[in-house]
Amino acid sequence: MRSLFRFHGGVKPATNKAASTSEPIVKAPLPPRLVVPLHQSIGGTPHPLVRAGQRVLKGELIGAADGNVSSAVHAPTSGLVTAVEPALMAHPSGLTMLSVIIEPDGEDRWAELDRLNYKSTPPDELRDFVRDAGIVGLGGAVFPTHLKMNPGREGRTRTLVLNGAECEPFITCDDMLMRERAAGIVKGTAILRHLLQADEVLIGIEDNKPEAVAAMQTAVRAEGESMEVVAIPTRYPAGGAKQLIRVLTGIEVPHGRRSTDFGVQCFNVGTAYAVFEALTCGHPLISRIVTVAGNVDRPRNYEVLIGTPMSDVVRLSGQRTDTTRYLMGGPMMGMRMPGFDVPVVKATNCILVASDALFPPPPPEQACIRCGECARACPADLQPFELYWFSRAKNFGKAQEYNLFDCIECGCCAYVCPSHIPLVDYYRFSKSEIWARERDKSASDQARERFEFRNFRQEREKEEKAAKLAAKAAETRAKLATEPAVDGAAATPAADAAEDPKKALIAAALARAQAQRAAAQPKNTDNLSAETQAEIEQIEARRRTTGNAPASGPAPAGTGASAPDTQP
Amino acid sequence: MLSALLVMTGIAIVLGAALGYAAIRFKVEGDPLVEKIDAILPQTQCGQCGYPGCKPYAEAIAQGAAEINQCPPGGEEGIRKLADLLGREFKPLSEEHGVEKPKAVAVIDEQTCIGCTLCIQACPVDAIVGAAKQMHTVIDKLCTGCELCVAPCPVDCITMTPIPETVENWKWKYPVVELRRVA
Ligand code: SF4
Ligand code: SF4
Ligand code: SF4
Ligand code: SF4
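Residue numbers (this note's numbering), protein chains in the order written: chain Y, 1 to 568; chain X, 1001 to 1183.
Chain Y on its own, in the form it takes in the complex (with noise of 0.2 Å):
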């Protein structure tokens, strides 16, 4: 048996995860519409690859991953592209986002789909692949994996840990997904484990899930993997990565560093399973288990293919009458959604059914009476009334100081404060805000970069300028000194020249026109035989007799290359 620890704070909350846990998953039916928003996870937003009235197949690329830290978004099911518009987004800001609207065709068709070797492929290669088959964290950070598919500097990874304790309350999606497809985690993180180089693999659950627990330790003995199972006491937020950490290797991860500099890597049941699906079966990730629960008559997960409008979802357990709103996640770190219809998405684990009668608003807020019951419950190890007062002033560079952004916002603090203060909303006010001013800044190092540069150039365009006039006057001050024997009058100006660059240029000019000028006119009296010779000299013979004489003979030929008489 292996000796476990205890993470900082947490909080016991009535888990409320029956209900939910009784049937098995089902999958949702085709909904008539499906709205597929192209921002689904962290990082840059996928661009559109496909117009308003072309159909896709299941599982066609529909938004191709902007840059590596993105992540890449597929169409759910076989249909026609209505339209590729804003849609209102499962976000709490209500706002709207690029999204892809599919109208079912029914028959939920297959793109052609590719399958790896996760065995025989470069590490490279399977990044890409994981990549562009959109898979993210389905514990609800949306983060790109294949960021995470990594083994660091060292080409090795000391631990692998698997994440299904699921901690929060009515969230069941990880439970059920264990007890039902424990074979898919384990060979999604034997691919997993192949990538990281990992030493050991801890699969970390709560001790309130001996389903789970049982069926992933049959699982990893069917599959000849070494892992352990390790079911951990249940305590609110068991399931934050660093405190699953904590509990299991005993690593203290401090403040601002990251559990993979001491080759701890962390990763989300879900996210093993839909590794697994996307390697071996080439299923793209256009679907997730979600559970619903609250105010519902039968809470159950279901099999959710991503775009589905959560009311679908809703409808199928029942909704009440009285139901005000829905919560994406669960009570303590859950996002109001700015409607019922908005879609579900990759994060969405849970959508939390919610009345005024099952969570009633709570107390007005009332003055910090600096008490610390929050500093005791916070599993991050904060001082959150510190961070309370920082953010409420707005001092955000000592919030930060503070170490704000280790702040998970799992909500212990707000749990457990006696003055009913929303902390969290406190830090993720603060925390936007620090945001907003970093994107500020780097925009304006980018603006004072550019336009120094641009000085920079005009500055050197000018004396580009300059110095091209100066080797110009140069090159014609060399011509004239290398060609002065031509005649004797173009040699006066270029010995003028050494005095006055600009005399020189003139004349020069000048020398070349006329040079030019000689050179057009028309010289079919040049290189004449003798005939035609003779023949002209009769020619202008008769003419100086019939007296219509010109006044003067043709210009003598072969000296049109000087003409003195138009010398200044």
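Some hints could be false.
[Stated by the list, open to error] Interface residues of chain Y toward chain X, partial, derived using beta-carbon atoms under 10 Å:
#: 1; residue: T45
#: 2; residue: H47
#: 3; residue: P48
#: 4; residue: M97
#: 5; residue: G339
#: 6; residue: D341
#: 7; residue: E365
#: 8; residue: P418
#: 9; residue: I421
#: 10; residue: P422
#: 11; residue: F429
#: 12; residue: K441
#: 13; residue: S444
#: 14; residue: D445
#: 15; residue: A447
#: 16; residue: E449
[What the hints assert, rightly or not] Cut-off 16 Å, straight-line C-alpha distance, at most; resulting in silico cross-link-like pairs (EDC-like, lysine to aspartate or glutamate):
#: 17; chain 1: Y; residue 1: K27; chain 2: Y; residue 2: E125
#: 18; chain 1: X; residue 1: K1173; chain 2: Y; residue 2: E433
#: 19; chain 1: X; residue 1: K1103; chain 2: X; residue 2: E1165
#: 20; chain 1: Y; residue 1: K27; chain 2: Y; residue 2: D312
#: 21; chain 1: X; residue 1: K1141; chain 2: Y; residue 2: E433
#: 22; chain 1: Y; residue 1: K12; chain 2: Y; residue 2: E373
#: 23; chain 1: Y; residue 1: K148; chain 2: Y; residue 2: E125
#: 24; chain 1: X; residue 1: K1171; chain 2: Y; residue 2: E438
#: 25; chain 1: Y; residue 1: K431; chain 2: X; residue 2: E1168
#: 26; chain 1: X; residue 1: K1171; chain 2: Y; residue 2: E433
#: 27; chain 1: X; residue 1: K1101; chain 2: X; residue 2: E1147
#: 28; chain 1: X; residue 1: K1036; chain 2: Y; residue 2: D445
#: 29; chain 1: X; residue 1: K1103; chain 2: Y; residue 2: D440
#: 30; chain 1: Y; residue 1: K431; chain 2: Y; residue 2: E386
#: 31; chain 1: Y; residue 1: K431; chain 2: Y; residue 2: D406
#: 32; chain 1: X; residue 1: K1141; chain 2: X; residue 2: E1165
#: 33; chain 1: X; residue 1: K1081; chain 2: Y; residue 2: D440
#: 34; chain 1: X; residue 1: K1141; chain 2: Y; residue 2: E373
#: 35; chain 1: Y; residue 1: K441; chain 2: X; residue 2: E1077
#: 36; chain 1: X; residue 1: K1133; chain 2: X; residue 2: E1110
#: 37; chain 1: X; residue 1: K1141; chain 2: Y; residue 2: D445
#: 38; chain 1: Y; residue 1: K27; chain 2: Y; residue 2: E180
#: 39; chain 1: X; residue 1: K1103; chain 2: X; residue 2: D1140
#: 40; chain 1: Y; residue 1: K441; chain 2: X; residue 2: E1035
Calculated from the structure, these hints are not laboratory results. Even glycine gets a Cβ: it sits at the ideal position worked out from N, Cα and C.
Fit chain X with the ligands to the known structure of chain Y by using the hints.
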């Protein structure tokens, strides 16, 4: 042949000298106060402060030649930061220099654009691309919203469009008691 060689060498030497000179001339002179002030200024490079860019204004402030409330894009927050840094009194934004506006980017109506390149020459941060008689366009990520390109356009095809709020740049609002009822 010889003259060509001479010319090329001449050009090379002159250009090299110009570059070297520029490198020295434009080397950031590292006046720490100017740097600090410049870091606070928004780098819009709009010239509304009366100086040809943020850096010159920063220099003027450092020398005590300019007030700290002349930069409209920096707004009140910018003035506060400058006041803090310099230990001067906070002053509201000077009206003659302009008003604080929400951030915007320039958008060129590509149907109307005649490709005259005047806006390219006006843009202080090279945020406009295009060639003579070709349609021009603004790279919105680089545009600082300085509006300097708007006036030179002979066919008035440049408009300033406020930056829309998106899921990516959306910010959590300052918590108020009502907001808490939400969750
Ligand atoms: S629990 Fe609430 S009242 Fe107590 S110190 Fe923390 S924020 Fe203040
Ligand atoms: S929300 Fe943040 S500050 Fe509050 S207990 Fe959780 S980690 Fe600590
Ligand atoms: S007014 Fe414009 S140029 Fe002057 S400091 Fe502000 S942003 Fe820079
Ligand atoms: S595009 Fe126009 S508004 Fe934007 S930075 Fe350039 S000149 Fe200023």
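Going through the hints against the structure:
1. T45: holds (8 Å)
2. H47: violated (15 Å)
3. P48: violated (16 Å)
4. M97: Constraint on Y/M97 satisfied, holds at 5 Å.
5. G339: Not OK, violated: Y/G339 not within 10 Å of chain X, min 13 Å.
6. D341: For Y/D341, the interface hint is violated, since the closest Cβ of chain X sits about 17 Å away, which is over 10 Å.
7. E365: holds (5 Å)
8. P418: violated (15 Å)
9. I421: holds (9 Å)
10. P422: Hint on Y/P422: holds, closest Cβ of chain X at ~4 Å, below 10 Å.
11. F429: With a minimum Cβ separation of about 4 Å from chain X (threshold 10 Å), the hint on Y/F429 holds.
12. K441: holds (9 Å)
13. S444: holds (4 Å)
14. D445: holds (7 Å)
15. A447: holds (4 Å)
16. E449: holds (9 Å)
17. Y/K27 / Y/E125: violated (32 Å)
18. X/K1173 / Y/E433: holds (9 Å)
19. X/K1103 / X/E1165: holds (11 Å)
20. Y/K27 / Y/D312: holds (12 Å)
21. X/K1141 / Y/E433: violated (20 Å)
22. Y/K12 / Y/E373: holds (14 Å)
23. Y/K148 / Y/E125: Status holds; Cα separation ~14 Å.
24. X/K1171 / Y/E438: holds (13 Å)
25. Y/K431 / X/E1168: holds (13 Å)
26. X/K1171 / Y/E433: holds (7 Å)
27. X/K1101 / X/E1147: The hint holds at about 12 Å.
28. X/K1036 / Y/D445: Given that 16 Å is the threshold and the Cα spacing comes to 13 Å, the pair holds.
29. X/K1103 / Y/D440: holds (11 Å)
30. Y/K431 / Y/E386: holds (15 Å)
31. Y/K431 / Y/D406: holds (11 Å)
32. X/K1141 / X/E1165: Since the Cα atoms of X/K1141 and X/E1165 sit roughly 15 Å apart, the hinted pair holds (cutoff 16 Å).
33. X/K1081 / Y/D440: OK: X/K1081 and Y/D440 at ~15 Å, within 16 Å.
34. X/K1141 / Y/E373: Violated, because 45 Å separates the two Cα atoms, which is more than 16 Å.
35. Y/K441 / X/E1077: Since the Cα atoms of Y/K441 and X/E1077 sit roughly 14 Å apart, the hinted pair holds (cutoff 16 Å).
36. X/K1133 / X/E1110: holds (12 Å)
37. X/K1141 / Y/D445: With a Cα-Cα distance of about 13 Å, the restraint between X/K1141 and Y/D445 holds, given a limit of 16 Å.
38. Y/K27 / Y/E180: The hint holds at about 13 Å.
39. X/K1103 / X/D1140: holds (12 Å)
40. Y/K441 / X/E1035: holds (14 Å)
When held up to the earlier numbered hints, the structure conflicts with 2, 3, 5, 6, 8, 17, 21, 34 and fits the remainder.
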